[in-house]
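Position chain Z relative to chain P; hints supplied.
Protein chains: 2
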Amino acid sequence: MSFQDKLEQYSKIVNERLNNHLMPGKHFGPPERLSDAMRHAVIGSGKRIRPFIIMESAKIFGVNPHRSADVASAVECLHSYSLVHDDLPAMDDDDMRRGKPSCHKAFDEATAILAGDALQSLAFEILARPGSDADPAIRSQLVLEMATAAGWAGMAGGQMMDIELTNHPKKIKLALIQRIHAMKTGAVLEFSAVAGPIIAKAAEDHIHRFREYGKLVGLAFQAADDLLDVTGDSEHLGKRTGKDEISGKPSIVARAGLEKTQKYVNDLEQAAIDLIVPYGTAADDLIEATRFICRREK
Amino acid sequence: MSFQDKLEQYSKIVNERLNNHLMPGKHFGPPERLSDAMRHAVIGSGKRIRPFIIMESAKIFGVNPHRSADVASAVECLHSYSLVHDDLPAMDDDDMRRGKPSCHKAFDEATAILAGDALQSLAFEILARPGSDADPAIRSQLVLEMATAAGWAGMAGGQMMDIELTNHPKKIKLALIQRIHAMKTGAVLEFSAVAGPIIAKAAEDHIHRFREYGKLVGLAFQAADDLLDVTGDSEHLGKRTGKDEISGKPSIVARAGLEKTQKYVNDLEQAAIDLIVPYGTAADDLIEATRFICRREK
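Keeping their order, the protein sequence lines are chains P and Z.
All residue numbers for the first sequence refer to my numbering, where the first residue is 1 and numbers rise by one.
All residue numbers for the second sequence refer to my numbering, where the first residue is 1 and numbers rise by one.
Looking at chain P on its own, in the form it has when it is part of the complex (with noise of 0.2 Å):
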């Protein structure tokens, strides 16, 4: 089967599951309004590279993609929520995400804030559900990794210091913007990485080399995106491009330029390509889906 064919089909058994974890009928009391809203912001388009790189790391140390997968959907929420609320006109302003309305457009200012604060709710209850791991032990343990991805010291912190050093190009130094970018998006790419291992229960060793995969893969991540953001356009991508440029955001490319943000890239690339060879044949997809993140085009 081929990377794409591969990531199709991990796309469809975490679809399934986060259709079924946001079915309102089976939970009594959410509003319509409210799970209108979540679903909205996560069901669909999603290239769903983070549920992705839980499932196929969980693989490679032997976890069936169908046991991995409700870690995936967790993550997805918690992916989802933090779009929510970045598009919102306070933060980043975007009126298009994934190919549609913004969540904010489609509904309305109130309905975005609560659906993002209970997709983060949902993305730990989730994890905390039994069905997720039958060993508490291991369940808690993913709390607390997300918890710690998700919180101040990382996407939420992140966050705030893209917002602060927006307009600010003359304080940003490439290494604030690696800070920026690590926390922002590397932290929960981090907790993907880790997750596959932590859910085999894999020793030590491997969960710390997952780790750096992670922190490396995360950087590569945003670097690429801000990328897309002059190279793409924005009918491929699906929200808006040039806009950092524009907004004047912390982006490696304004930075440093086209042709050594691509170099960058590269370099991660391989570094974290280097990490996860030693695991042979069954790093093979991993490693394609590596190369996917740092080549997309959308």
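Rather than coming from a laboratory, the hints here were simulated on the basis of the structure.
Wrong hints could be hidden among the right ones.
Cβ pair distances, simulated, as ranges [unchecked claim]:
hint, chain 1, residue 1, chain 2, residue 2, range
1, Z, P278, P, N19, 42 to 50 Å
2, Z, P278, P, A137, 30 to 38 Å
3, Z, K100, P, M1, 42 to 50 Å
4, P, E16, Z, D93, 55 to 63 Å
5, P, N19, Z, D108, 31 to 39 Å
Once the Cα atoms are required to be at most 30 Å apart in a straight line, the calculated DSSO-like pairs of lysine-lysine come out as [to be verified]:
hint, chain 1, residue 1, chain 2, residue 2
6, P, K201, Z, K201
7, Z, K298, Z, K6
8, P, K215, P, K263
9, P, K105, Z, K105
10, P, K47, P, K260
11, Z, K263, Z, K298
So these bits of chain P aren't anywhere near chain Z, every CB distance computed over 12 Å [to be verified]:
hint, residue
12, D5
13, E32
14, K100
15, T148
16, G151
17, Q159
18, R209
19, A256
20, V277
21, P278
Glycine included, each C-beta is placed from N, C-alpha and C at the ideal position.
Same frame as chain P, now just chain Z:
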């Protein structure tokens, strides 16, 4: 020791713990503006009712309050996040909270959204840390209970319905207001009530009893809040009063009148107390706390 002295003593324990959890120097990474906003929201003058219920419920089953203080800190982070987001202009648009400018007034909207987001993550991070409870099964059970209470069928869902029904007084039946209160306020109070017996590994029938107790206290808490909105003064409360009527918020008082609402609160108080009377003198302070919640003047 009087109930008031004990409330103060527990507050002190929780405040120290919160100070510790929110000390930026202890974590590498969080940007100062974000941790300042989080501290603004959490540290200070809150009554710490939810932490008290957790610590005192646990104590009834023999758990030292110092041992339940992390779980109590987590619920206060969750509660504070909800206040920060509820106060946003797109939501209830409140300028004052706990006698201080609300978070988006003291900082700005983007910072307040992120501070709320990061406080929610921190709540789960604290719960999932080995320090909160030695048994990972307890930790993941607490995460599951709190995430369910916080999410679409709990606090966030209740806030959504509260907003949806604002200015639609004709739609509001008493049962619907009760359902909103049960979700918006009751779910987290229910979590606070069951957390004690869960930490203590008490038998299922105790957990069930405390769940019922928490539900009743949640309804009483919000109805007492509706009463205070009419009868309280804003200087005393540290937030605006008379706002429900101005804003057309779903309110028990608006629906049933002052006298009937007072009787409703009294009945809930008695029913809640009846559930914990069987624990004898060990429950005396929780009974006092129940009375305090139902009869409070701020």
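Numbers of the earlier hints that this structure fails to satisfy, in rising order
3, 4, 13, 15, 16 and 17
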